[in-house]
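Per this note's numbering, the sequence shown runs over residues 1 to 215.
Do not take every clue at face value.
[Said to hold, decoys possible] Listed next, with one range per pair, are the computed distances between beta-carbon atoms:
| no. | residue 1 | residue 2 | range |
| --- | --- | --- | --- |
| 1 | Pro58 | Arg153 | 15 to 23 Å |
| 2 | Pro163 | Trp117 | 32 to 40 Å |
| 3 | Gly60 | Asp130 | 18 to 26 Å |
| 4 | Glu52 | Arg160 | 15 to 23 Å |
| 5 | Thr86 | Gly59 | 26 to 34 Å |
| 6 | Arg118 | Asp138 | 46 to 54 Å |
| 7 | Ala131 | Val11 | 36 to 44 Å |
| 8 | Leu2 | Ala162 | 15 to 23 Å |
No lab work stands behind these hints: they were computed from the structure.
Note that the Cβ used here is the ideal one computed from N, Cα and C, for glycine as well.
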Amino acid sequence: DLADVNGTIFVNNVSMGLYAEAVAKDGYREAKLRTILDAAPEVVGLEAPSRELVWRGPGGNVHSGAAVILVSNNSYRLGPRLGAGTRPRVDDGLLGVTILAGPHERSHGLARLRLPWRQWNAPTFVINSDAPVPVGVDGESMHVAPPLRFTIRPGVLRVRIAPQHPGASPSAAQPEGLVDALTMLWQLARGQNPSDVFAHHHPALSVPKGGQVDI
Numbered sequence: 001d002l003a004d005v006n007g008t009i010f011v012n013n014v015s016m017g018l019y020a021e022a023v024a025k026d027g028y029r030e031a032k033l034r035t036i037l038d039a040a041p042e043v044v045g046l047e048a049p050s051r052e053l054v055w056r057g058p059g060g061n062v063h064s065g066a067a068v069i070l071v072s073n074n075s076y077r078l079g080p081r082l083g084a085g086t087r088p089r090v091d092d093g094l095l096g097v098t099i100l101a102g103p104h105e106r107s108h109g110l111a112r113l114r115l116p117w118r119q120w121n122a123p124t125f126v127i128n129s130d131a132p133v134p135v136g137v138d139g140e141s142m143h144v145a146p147p148l149r150f151t152i153r154p155g156v157l158r159v160r161i162a163p164q165h166p167g168a169s170p171s172a173a174q175p176e177g178l179v180d181a182l183t184m185l186w187q188l189a190r191g192q193n194p195s196d197v198f199a200h201h202h203p204a205l206s207v208p209k210g211g212q213v214d215i
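Please work from the sequences and hints to get the whole structure.
Below is the structure:
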């Protein structure tokens with residue numbers, strides 16, 4: 001798949017908030033970590049101004065403000081799990097939407113969740129604002145006029161898989177449920193080839209080495 005925001009195509013993700021503000025600053029390329037740290041108080045500090053980003057959650061409720069909004073071409077796996085920070089697949093035909101609550105939401109008790117973020121999938125996503133929004137599009141800084149309309153473009157690419165590549169993201173090997181995890185562990189303990197175990201449990205994600213896949 002590919003995705004786009006207001007007609008601009010992206011392969012990985014579009015970020016708004018802390019990272020987007022840092023990318024827009026002079027000196028980011030030379031000192032990325034320092035620039036992000038310098039931008040943090042301006043974006044996520046309790047005294048930070050609340051940029052008016054308005055969006056709807058998966059239940060249809062209207063929300064405003066966030067420290068970080070990440071819209072990705074398919075969902076990233078987050079948290080302390082196998083393959084965190086990667087995408088299990090890029091052919092689900094859905095955007096991944098991840099919202100990290102800002103200081104104003106946290107101070108008003110609007111982020112009472114077990115995790116510091118919310119994440120869901122959707123074929124489209126819209127963000128409204130009262131001014132052009134600084135964004136990072138696959139790591140490149142730009143400003144996008146509102147409303148920001150995100151859409152997914154399913155199956156528009158054909159990708160060749162190198163012979164030495166496993167054919168799947170590390171996060172795709174995450175077991176689905178306890179039974180699946182125990183079964184995979186038992187098969188691996190018996191000495192079965194890890195690639196064969198993965199292919200058996202996730203046949204839809206397995207790609208022959210040196211083959212190709214539509215995304």
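Evaluation of the provided hints:
no. : hint                         : result
1   : Pro58 to Arg153: 15 to 23 Å  : 21 Å, holds
2   : Pro163 to Trp117: 32 to 40 Å : 37 Å, holds
3   : Gly60 to Asp130: 18 to 26 Å  : 22 Å, holds
4   : Glu52 to Arg160: 15 to 23 Å  : 44 Å, violated
5   : Thr86 to Gly59: 26 to 34 Å   : 28 Å, holds
6   : Arg118 to Asp138: 46 to 54 Å : 23 Å, violated
7   : Ala131 to Val11: 36 to 44 Å  : 27 Å, violated
8   : Leu2 to Ala162: 15 to 23 Å   : 20 Å, holds
Violated hints for the displayed structure, listed by number in ascending order: 4, 6, 7.
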